[in-house]
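Engineer: Chains as they are written, first to last, in numbering that gives the first Met the number 0: chain A, 0 to 323; chain B, 0 to 323.
Keep in mind the hints are simulated off the structure, nothing from the lab.
None of the values given here were measured: they were computed from a predicted structure.
Hints are supplied without guarantee of correctness; some may be wrong.
[Stated by the list, open to error] Rough simulated footprint, nothing fancy, chain B against chain A, three-plus residues with beta-carbon under 8 angstroms: (1) 115 to 126; (2) 137 to 145.
[As the list claims (entries may be wrong)] Far from chain A, by Cβ distances over 12 angstroms, these chain B residues were calculated: (3) Ile9; (4) Ser35; (5) Gly89; (6) Ala102; (7) Gln110; (8) His116.
All residues carry an ideal CB built from backbone N, CA and C; glycine is no exception.
Given next are the chains, with one letter for each unit.
Protein chains: 2
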Amino acid sequence: MYTPEEIQTIVNQKIASIEFPAQPADLYLPIQYVLSLNGKRLRPILSLMSCNLFSDSIDHALEAAIGIEMFHNFTLLHDDIMDHADKRRGHPTVHRKWNENIAILSGDAMQIDAVRHLSQVPPELLPKILRRFLQTAMEVCEGQQMDMDFETLSNVSREDYLEMIRLKTAVLLAASLQIGAWLGGASDHDAGLLYRFGLLLGQAFQLQDDLLDVYGDVSVFGKNIGGDIAANKKTYLLITALNNANESQKELLFHWMATDSTHVLEKVKVITAIYDDLNIKTLCENEIASFHDQAFRALSGLSVPIERQQAIINYTTRLMKRQL
Amino acid sequence: MYTPEEIQTIVNQKIASIEFPAQPADLYLPIQYVLSLNGKRLRPILSLMSCNLFSDSIDHALEAAIGIEMFHNFTLLHDDIMDHADKRRGHPTVHRKWNENIAILSGDAMQIDAVRHLSQVPPELLPKILRRFLQTAMEVCEGQQMDMDFETLSNVSREDYLEMIRLKTAVLLAASLQIGAWLGGASDHDAGLLYRFGLLLGQAFQLQDDLLDVYGDVSVFGKNIGGDIAANKKTYLLITALNNANESQKELLFHWMATDSTHVLEKVKVITAIYDDLNIKTLCENEIASFHDQAFRALSGLSVPIERQQAIINYTTRLMKRQL
Chain A
0 MYTPEEIQTI
10 VNQKIASIEF
20 PAQPADLYLP
30 IQYVLSLNGK
40 RLRPILSLMS
50 CNLFSDSIDH
60 ALEAAIGIEM
70 FHNFTLLHDD
80 IMDHADKRRG
90 HPTVHRKWNE
100 NIAILSGDAM
110 QIDAVRHLSQ
120 VPPELLPKIL
130 RRFLQTAMEV
140 CEGQQMDMDF
150 ETLSNVSRED
160 YLEMIRLKTA
170 VLLAASLQIG
180 AWLGGASDHD
190 AGLLYRFGLL
200 LGQAFQLQDD
210 LLDVYGDVSV
220 FGKNIGGDIA
230 ANKKTYLLIT
240 ALNNANESQK
250 ELLFHWMATD
260 STHVLEKVKV
270 ITAIYDDLNI
280 KTLCENEIAS
290 FHDQAFRALS
300 GLSVPIERQQ
310 AIINYTTRLM
320 KRQL
Chain B
0 MYTPEEIQTI
10 VNQKIASIEF
20 PAQPADLYLP
30 IQYVLSLNGK
40 RLRPILSLMS
50 CNLFSDSIDH
60 ALEAAIGIEM
70 FHNFTLLHDD
80 IMDHADKRRG
90 HPTVHRKWNE
100 NIAILSGDAM
110 QIDAVRHLSQ
120 VPPELLPKIL
130 RRFLQTAMEV
140 CEGQQMDMDF
150 ETLSNVSRED
160 YLEMIRLKTA
170 VLLAASLQIG
180 AWLGGASDHD
190 AGLLYRFGLL
200 LGQAFQLQDD
210 LLDVYGDVSV
220 FGKNIGGDIA
230 ANKKTYLLIT
240 ALNNANESQK
250 ELLFHWMATD
260 STHVLEKVKV
270 ITAIYDDLNI
280 KTLCENEIAS
290 FHDQAFRALS
300 GLSVPIERQQ
310 AIINYTTRLM
320 KRQL
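The task is simple: from the sequences and hints, build the whole structure.
Structural biologist: Right, dumping it as structure tokens:
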């Protein structure tokens, strides 16, 4: 079996080997640029590890894994336009480095190319895999729209928030695992369990991201602590705080959410103190643990020897443990 | 066999019957809005007429035809953002009626839904049809990028212009015809001839559009005469004029292209006069006639009785004759 590191190398080599047409340069260079920013390649790695659970060979699953990674990068490209983000992985975003029209159009082209890579699967699996991919892609758009809708809401329920991260983040991880499993020859039942594993794991990952923004180790997490607080982002922490706060805490939260960016350090400090008073860290950790446990329970139903599952269990556990 | 009007009714009824999820409203309402603006439905009509050449039943080709129409409407939605267009078919564009983020995201969702409709074809034809569709979709993006690149070029060659309209306009008409033919049971040879027919016809259509902008009957054409001239759009007419003009005519063209919008009527008058001096109308008409003749020559190779071809010949001839 392959290690995650070996798979990451295979994925990166494959991506680096993709040859795009030279012209029109402003269509294809941004795609190459985005793909060269060296993401974690989480989705293709999980997809190929899932394939590897059932099949010693993973070569035939590589194009689909690349298609999923390309789709993910397309969503980042367009999300960055919508968020007016200046940086992605430490580099200028496409709409800053080129311009907004180029970012829209090269994103559109990337989405097409994603489906093209994905559809290189064996013809007998194409209808099933394509259907899952397209449903997932639509759900990712729904999640992004919900996330944008949340910006203008004064409060959001826990259920709506979990539904948003299920759509925006979790379903693509779930589909990566399921598609990889199918390509490895898994039964629909086993592939369905891996979908469920990915869904629960994806939600746990996003909650952990929310938590690390406030309680992470800045030297490990690699982002500024309190970035979500500064941006008034409706995270699990803020939503839980707003739902659990008493009147004076709620007033204080809304007061600081309405301040401009000149008092950002104080804002992060005050809001973090409210989180501490409301025990938000523990509540979030409990939620993460619950998703995490349910995720691994899904794996226990697989018709695959536990020794073979160890690689994916270790890899995802390691991902969950980062910086906590 | 079906008449184009019958097919148009079938297409419009099918589009009107599509049920989108109610939520997130800002994702799905713009898609319904764009589809309700009653385009000419040229691509699905041609696709289904092409199917009907080979098969009395066209029902099984309807989903693919809807997918193509949806993809076309997606390109209009995103092109309108890039062009900062206020109106589309007399109604506010999505980015004006809602906002730019919603227009980007609902366009992305529309592209996904287009592939979903398209992939409802019989499984044995799916790989071939999907491959043609995805290649075409990428070419449409290339054409749009070339068109944007032309905006900042002082001059463009005839060859580059014809290549741009081949990509931006013609290939999707060609693919519509080819995919319809395949779904009707056509051989690859016949389907290839219909692709070629669509390609040449599409280029003729675009050249005719360029011509009508200046020499059309405003009461029939439905747009303001000279809109392309006012916007300095690199049309076949302007490109041919720039390539054929003497120094003083060239100077005059560049002078008027640099004027602001306050003198638009005079600008249209002066540039039209230069076109007249350079005999641009006849040159363009000859080019159209050449594409038109080549297109119909492609049809003559079809292994379909000429009586059966009459419907599509009459329909496309009628389209070519409008307002000329």
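Engineer: Against each hint, give a clear statement of whether it holds in the structure.
Structural biologist: Going down the list of hints, with the structure as the test:
{"no.": "1", "hint": "115 to 126", "in the structure": "holds (count 5)"}
{"no.": "2", "hint": "137 to 145", "in the structure": "holds (count 6)"}
{"no.": "3", "hint": "Ile9", "in the structure": "holds (24 angstroms)"}
{"no.": "4", "hint": "Ser35", "in the structure": "holds (20 angstroms)"}
{"no.": "5", "hint": "Gly89", "in the structure": "holds (24 angstroms)"}
{"no.": "6", "hint": "Ala102", "in the structure": "violated (9 angstroms)"}
{"no.": "7", "hint": "Gln110", "in the structure": "violated (6 angstroms)"}
{"no.": "8", "hint": "His116", "in the structure": "violated (10 angstroms)"}
Violation of the numbered hints given earlier is confined to hints 6, 7 and 8; the remaining hints are satisfied by the structure.
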